[in-house]
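My request is simple: use the sequences and hints to build the entire structure.
Residue numbers (the working numbering), protein chains in the order written: chain A, 305 to 554; chain B, 305 to 554.
Simulated from the structure, these hints should not be mistaken for laboratory data. The structure presented is a predicted model; accordingly, all values stated were derived computationally and were not measured. Some hints here could point you the wrong way.
The list makes no distinction among identical chains, and a pair is therefore deemed to hold if it is satisfied within one copy or across any two copies.
[As the list claims (entries may be wrong)] Derived lysine to aspartate or glutamate pairs resembling EDC-like cross-links, with alpha carbons at most 20 Å apart:
1) K549 x D461
2) K388 x E510
3) K553 x E474
4) K490 x D538
Protein chains: 2
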Amino acid sequence: MFTFLLTNDDGYFSEGIRALRSALKQIGRVVCVAPDRNLSGVGHSLTFNSPLRIRRIEEDFWTVIGGTPADCIHFGYYLILEGKKPHMVCSGINDGPNLGEDITYSGTVSGAMEGRILGIPSIAFSVFGREDIDFTQVADVAKQVVIKALEEGMPEDAYLNVNIPNLRREEIKGFLITKQGRRSYKEKVLKLSDPQGKPIYWITAEQFGWMLEEGTDYWAVYHGYVSITPLQLDMTNYRALEELKSSWKL
Amino acid sequence: MFTFLLTNDDGYFSEGIRALRSALKQIGRVVCVAPDRNLSGVGHSLTFNSPLRIRRIEEDFWTVIGGTPADCIHFGYYLILEGKKPHMVCSGINDGPNLGEDITYSGTVSGAMEGRILGIPSIAFSVFGREDIDFTQVADVAKQVVIKALEEGMPEDAYLNVNIPNLRREEIKGFLITKQGRRSYKEKVLKLSDPQGKPIYWITAEQFGWMLEEGTDYWAVYHGYVSITPLQLDMTNYRALEELKSSWKL
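Right, here's the structure in full:
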């Protein structure tokens, strides 16, 4: 029987993780360890400067109080599964997309990154859409990708970032292997007032937009395809490495 | 005159950021915006689900209450510098190294990553060493790298992760352009008791160790060189992309 370790960054109470858990339970044991609150934007954060507590919610479902997705994967692997590797780490389904450079902030993608660091095949799932999301249907598509990955295997130095359009099954055009795209929007810092009239500031996007380059994650979901992007842990820019080696006299 | 935007993940009160600020002040204006507490391990976390407050500490030195390094860069760029690009974003000097896969957790590296996302040449600085660190000397070496980068320019799609050995200037063997290395240690989750006897858990490293592969960040600092690793925002694994395209029939 397959064992899955599941986390997310929206919190254990979110619809996305519940739907993915139900879908994966059809093909194996699903150990869920998820944060106790919404941590969207938390990035690849690991808590090693303070202790954490874990609470059992129901059978094979736990929450790490104050824990990040990466913390949850550690707790699931070392504590709940006692160091026995699951067949796969899954993260999500995130309530909203994870595309382009934004994946560097993503707690969902970081959950899968942590699984890869621990040597486990790992997949992050997000939904492209913001309203009226049918998570049951999205989870069913996610399950298809999981089965494919189990059947075909995954490259040892890669983990997957999967974005699924919020469309009816028959409207989805298919699956595309993609590269990370680029966004065309920027943030701004908005000045507001607290109830006492003191200034507070809120980081927000000025206007959402993406470069519609063919072959990218955004292009795929925008056109109704499921986007599957293989990611890697090595962040080295090898082209720049050669350039600096030849141009910087050090 | 050059303008620098400076942040870190150890907090505004840390010796590393003070030393780097002093060194960079010799060549330009230095706007510091740093977290109000130690955030080591925070990764590339951005706060967009709640507002933040900013407090002025002294001239051109600010702290974002509850803010991450990425938040601080946003506040510095959009609020303090009013959207005018500084010549460079610097992050650090981190109290300890940032090498191999660990950079994915690093708030220091994420400060520089944020600068790169905003289109600004960016460098993260960390010290290889844990005890008796002479930050003034390390900052002097960091300043040398900054001057080199200003003189030679930096590739548009790269930012730099610089690790400086905690050695006397004359003991440093030189500068090496390196690739991201790999660690050979793993974490564990330690079970402890709180004062009431209830279980708490602490994520810690089982045993530190790195693969001493030539050409890597770790190899460089271990042998007494300053390591300069160019990083990129694109996390796509292109080799795996081709592999999946040909092997997964979707």
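Okay, the hints, checked on the actual structure:
no., hint, result
1, K549 x D461, "between (26 Å within a copy, 16 Å between copies)"
2, K388 x E510, "between (45 Å within a copy, 16 Å between copies)"
3, K553 x E474, "between (58 Å within a copy, 19 Å between copies)"
4, K490 x D538, "between (26 Å within a copy, 17 Å between copies)"
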